[in-house]
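Turn these sequences into a full structure, and let the hints guide you.
Protein chains in written order, with UniProt numbering: chain A, 1 to 355; chain B, 1 to 355.
These are calculated hints, taken from the structure and not from any lab test.
Ideal Cβ positions, reconstructed from N, Cα and C, are used throughout, including at glycine.
Check each hint, because a few of them may be wrong.
[Said to hold, decoys possible] Non-contacting residues of chain B with respect to chain A, defined by C-beta distances greater than 12 Å in every case (computed):
#1 E127
#2 A277
#3 A280
#4 R303
#5 T304
[What the hints assert, rightly or not] Examples of chain B residues toward chain A, derived with CB under 8 Å:
#6 W118
#7 G120
#8 V139
#9 C171
#10 L178
#11 Q180
#12 A181
#13 G264
#14 S287
#15 G290
Here is what each chain is made of, one letter per residue.
There are 2 protein chains.
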Amino acid sequence: MTASAASLDSIRTEVDRALRDFLDRQRPHFSDPHLAALLSAAEDFIAGGKRLRPAFCHWGWRAAGGGDDPGLHVAAASLELLQASALIHDDVMDASDVRRGMPSAHRRFERMHAEAGWHGSGRQFGEGTAVLLGNLLLVWSGEMWRTSGLAPEAIAAAQPLHDYMLTELMCGQYLDLLEQAQGESTFDSALRVALYKSGKYSVEQPLRLGLVLAAQASHAWIDRLCVQYGQQVGIAFQLRDDILGVFGDPAETGKPAGDDLREGKRTVLIARALASATPAQTAVVRSLLGDPALDAEGVAQLRTVIEETGALAACEGMIKRYLDDALHALDQAPIEEEARTALAALAVAATSRRT
Amino acid sequence: MTASAASLDSIRTEVDRALRDFLDRQRPHFSDPHLAALLSAAEDFIAGGKRLRPAFCHWGWRAAGGGDDPGLHVAAASLELLQASALIHDDVMDASDVRRGMPSAHRRFERMHAEAGWHGSGRQFGEGTAVLLGNLLLVWSGEMWRTSGLAPEAIAAAQPLHDYMLTELMCGQYLDLLEQAQGESTFDSALRVALYKSGKYSVEQPLRLGLVLAAQASHAWIDRLCVQYGQQVGIAFQLRDDILGVFGDPAETGKPAGDDLREGKRTVLIARALASATPAQTAVVRSLLGDPALDAEGVAQLRTVIEETGALAACEGMIKRYLDDALHALDQAPIEEEARTALAALAVAATSRRT
Numbered sequence: 001m002t003a004s005a006a007s008l009d010s011i012r013t014e015v016d017r018a019l020r021d022f023l024d025r026q027r028p029h030f031s032d033p034h035l036a037a038l039l040s041a042a043e044d045f046i047a048g049g050k051r052l053r054p055a056f057c058h059w060g061w062r063a064a065g066g067g068d069d070p071g072l073h074v075a076a077a078s079l080e081l082l083q084a085s086a087l088i089h090d091d092v093m094d095a096s097d098v099r100r101g102m103p104s105a106h107r108r109f110e111r112m113h114a115e116a117g118w119h120g121s122g123r124q125f126g127e128g129t130a131v132l133l134g135n136l137l138l139v140w141s142g143e144m145w146r147t148s149g150l151a152p153e154a155i156a157a158a159q160p161l162h163d164y165m166l167t168e169l170m171c172g173q174y175l176d177l178l179e180q181a182q183g184e185s186t187f188d189s190a191l192r193v194a195l196y197k198s199g200k201y202s203v204e205q206p207l208r209l210g211l212v213l214a215a216q217a218s219h220a221w222i223d224r225l226c227v228q229y230g231q232q233v234g235i236a237f238q239l240r241d242d243i244l245g246v247f248g249d250p251a252e253t254g255k256p257a258g259d260d261l262r263e264g265k266r267t268v269l270i271a272r273a274l275a276s277a278t279p280a281q282t283a284v285v286r287s288l289l290g291d292p293a294l295d296a297e298g299v300a301q302l303r304t305v306i307e308e309t310g311a312l313a314a315c316e317g318m319i320k321r322y323l324d325d326a327l328h329a330l331d332q333a334p335i336e337e338e339a340r341t342a343l344a345a346l347a348v349a350a351t352s353r354r355t
Numbered sequence: 001m002t003a004s005a006a007s008l009d010s011i012r013t014e015v016d017r018a019l020r021d022f023l024d025r026q027r028p029h030f031s032d033p034h035l036a037a038l039l040s041a042a043e044d045f046i047a048g049g050k051r052l053r054p055a056f057c058h059w060g061w062r063a064a065g066g067g068d069d070p071g072l073h074v075a076a077a078s079l080e081l082l083q084a085s086a087l088i089h090d091d092v093m094d095a096s097d098v099r100r101g102m103p104s105a106h107r108r109f110e111r112m113h114a115e116a117g118w119h120g121s122g123r124q125f126g127e128g129t130a131v132l133l134g135n136l137l138l139v140w141s142g143e144m145w146r147t148s149g150l151a152p153e154a155i156a157a158a159q160p161l162h163d164y165m166l167t168e169l170m171c172g173q174y175l176d177l178l179e180q181a182q183g184e185s186t187f188d189s190a191l192r193v194a195l196y197k198s199g200k201y202s203v204e205q206p207l208r209l210g211l212v213l214a215a216q217a218s219h220a221w222i223d224r225l226c227v228q229y230g231q232q233v234g235i236a237f238q239l240r241d242d243i244l245g246v247f248g249d250p251a252e253t254g255k256p257a258g259d260d261l262r263e264g265k266r267t268v269l270i271a272r273a274l275a276s277a278t279p280a281q282t283a284v285v286r287s288l289l290g291d292p293a294l295d296a297e298g299v300a301q302l303r304t305v306i307e308e309t310g311a312l313a314a315c316e317g318m319i320k321r322y323l324d325d326a327l328h329a330l331d332q333a334p335i336e337e338e339a340r341t342a343l344a345a346l347a348v349a350a351t352s353r354r355t
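Here's what the structure looks like:
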């Protein structure tokens with residue numbers, strides 16, 4: 001095991017502990033037996049994330065000279081509640097059936113409705129409950145962040161960023177919906193969505209929160225590092241996500257093969273394929289992309305187009321260039337050496353992952 | 001105009017101003033023209049509420065000796081963002097088409113999708129956007145509350161209550177979904193939902209927040225007033241809502257006649273009707289309640305059952321008793337006289353409203 005893998009493991013352990021402690025604080029509010037299903041769903045959807053966002057926050061904190069402080073693990077772990085909330089709502093919006101190899105939240109509650117033989121529409125019950133569960137995790141994320149136990153001055157310095165991150169996240173997700181609806185995305189518009197929808201809140205903002213929590217202020221070098229390293233790793237992270245959404249192994253991703261194709265996601269990968277597709281290839285994309293009933297053969301046809309247009313290779317090349325540029329910026333930053341090494345390893349892990 | 005109506009008007013003016021100022025602070029984040037529709041929907045859904053929750057918060061603050069502080073208007077107004085968020089999500093969950101006489105948020109965005117001739121499912125686009133819009137208002141509500149400008153000690157004293165209110169709200173809405181799904185609600189379970197889903201966060205918690213903001217601590221008398229006045233006015237408020245959902249005038253409520261009947265809401269009113277219905281009356285309720293295609297004649301049939309079983313009169317009687325008990329508790333509380341008069345008027349307004 002490499003040193004960086006060991007450190008990611010140890011961050012994961014601390015994050016898991018902080019999340020368990022937070023849920024234990026909420027447990028007394030769920031003493032009504034009718035609420036048990038809601039709490040246990042919250043627990044299941046919090047479990048099993050990659051904990052990349054807390055890791056970026058952790059190493060941002062260390063990069064700016066932050067020391068050992070249990071409060072930092074709590075603040076960093078709160079980002080996982082936000083992520084779980086976003087995934088649960090995303091699955092409702094995309095009508096996705098599966099998440100991390102389990103039924104998505106709305107499907108889980110739809111099944112509970114069916115098994116109990118309850119009244120009314122099971123779909124509506126499932127979706128409604130998933131919206132509420134996502135809301136619960138969203139408000140808990142803010143509560144956990146604010147009650148981390150970090151110094152009040154640290155939290156006060158970073159709170160405006162945290163507030164802005166949430167507004168930006170909702171706006172980015174809206175831009176994503178709009179992009180799918182408008183359909184004819186260009187390469188540039190798809191890239192903008194990749195940055196706003198995921199890149200910023202997956203990498204740049206967690207990193208920035210950690211840096212500002214430790215520095216208790218924003219500095220020009222922090223902003224430079226967040227843009228030049230954070231945004232570029234963020235976009236590369238999302239490009240990897242796009243590739244996994246088409247070519248990923250269901251056993252590793254926990255999502256059905258070609259799920260993004262079935263949902264008609266207008267990713268950078270697709271925009272790049274369309275930009276250099278022949279009329280015949282364009283026709284294949286137009287007829288198959290977004291077909292909810294797309295089967296294995298359809299997935300294979302679309303994969304072939306994406307490979308033969310050079311889009312897959314182009315996206316891999318972009319990931320490599322963004323990563324190289326990010327690592328170069330990281331080298332220039334006036335940060336702690338241990339954090340520099342860890343952030344370099346984290347950038348590689350985030351952009352070469354298989355899940 | 002009575003003094004209390006004048007004071008509610010002046011609170012409304014301050015609340016509207018605070019909401020406008022807050023939105024103006026957010027406006028720079030919406031410079032991308034693609035985001036304009038999201039911001040203007042937020043503005044429309046914030047406009048036009050009754051501002052009852054801010055009024056309970058305002059008079060809680062004054063009751064515990066709080067003075068003139070512009071920050072209080074901001075903190076109180078933040079409750080309207082929370083309410084707008086809950087209504088937007090509620091309408092998605094209930095598949096309601098109309099809110100305050102306008103299309104509900106998901107219908108508004110579904111229509112935008114249709115008019116633009118965009119790709120994919122307009123329903124899915126509308127619901128997805130409504131979920132995000134509700135999320136945006138939910139996070140803004142927390143941000144506005146924390147950045148009111150009130151003394152940090154005041155906010156710190158009330159923040160745990162605010163956090164708990166949000167958890168309780170999501171749990172209460174889940175219990176409501178569960179109650180509708182399980183169908184065979186008893187009088188007691190319907191009453192519990194009335195308290196948890198709406199009563200607490202409409203009256204008790206706004207009042208409690210105002211009291212604790214001013215007192216910068218919780219006291220036994222605060223708790224007593226919140227339970228004996230706040231919860232009872234809250235339940236009576238929800239009972240009035242239940243009655244308006246069946247008997248309300250669409251021109252006043254801004255919702256279609258008998259909307260709650262079409263949605264199959266298992267309210268206290270319905271539970272009370274079923275408790276003393278003849279077999280024939282029970283059959284009418286079972287066959288019509290929750291029928292999405294329920295027409296005017298069906299609404300009239302159900303209204304007749306609710307009146308003839310005595311359920312309407314019983315609910316009116318309950319409202320009166322809860323109100324009387326609340327006013328009695330208010331008389332005993334060690335609070336400022338001006339606030340006592342205003343809270344009495346507010347309790348009457350909240351439980352005798354026609355919209």
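Against the structure, the hints:
1. The Cβ of E127 (chain B) sits about 7 Å from the closest Cβ of chain A, inside the 12 Å cut-off, so the non-interface label is violated.
2. Annotated as non-interface, A277 (chain B) keeps its C-beta farther than 12 Å from every C-beta of chain A; the closest such distance is 18 Å.
3. Chain A leaves A280 (chain B) outside its interface by the beta-carbon criterion, the shortest separation being 21 Å against a cut-off of 12 Å.
4. At roughly 21 Å from the closest C-beta of chain A, the C-beta of R303 (chain B) stays outside 12 Å, upholding its exclusion from the interface.
5. Interface exclusion of T304 (chain B) from chain A stands, the closest Cβ pair being 23 Å apart, more than 12 Å.
6. Among the interface hints, the one on W118 (chain B) holds; its C-beta lies about 4 Å from the nearest C-beta in chain A, closer than the 8 Å criterion.
7. Taking 8 Å as the C-beta contact cut-off toward chain A, the hint placing G120 (chain B) at the interface holds, the least distance being around 6 Å.
8. Because the smallest distance between the Cβ of V139 (chain B) and any Cβ of chain A comes to about 4 Å, under 8 Å, the interface hint for this residue holds.
9. Interface restraint check for C171 (chain B): the shortest CB-CB distance to chain A comes to about 6 Å, inside 8 Å, so the restraint holds.
10. About 6 Å separates the beta-carbon of L178 (chain B) from the nearest beta-carbon of chain A, less than 8 Å, and the hint is met.
11. With its C-beta approaching chain A no nearer than about 6 Å, Q180 (chain B) sits inside the 8 Å limit, and its interface hint holds.
12. Of the supplied interface hints, the one on A181 (chain B) holds, with its beta-carbon coming within about 4 Å of a beta-carbon of chain A, less than 8 Å.
13. Interface hint status for G264 (chain B): upheld, as the beta-carbon distance to the closest one in chain A is roughly 6 Å, under 8 Å.
14. At its closest, the beta carbon of S287 (chain B) sits 13 Å from a beta carbon of chain A; the interface hint therefore is violated under the 8 Å criterion.
15. Hint status for G290 (chain B) relative to chain A: holds, with the closest Cβ pair at about 6 Å, below 8 Å.
The structure is inconsistent with the numbered hints 1, 14, although it conforms to all the rest.
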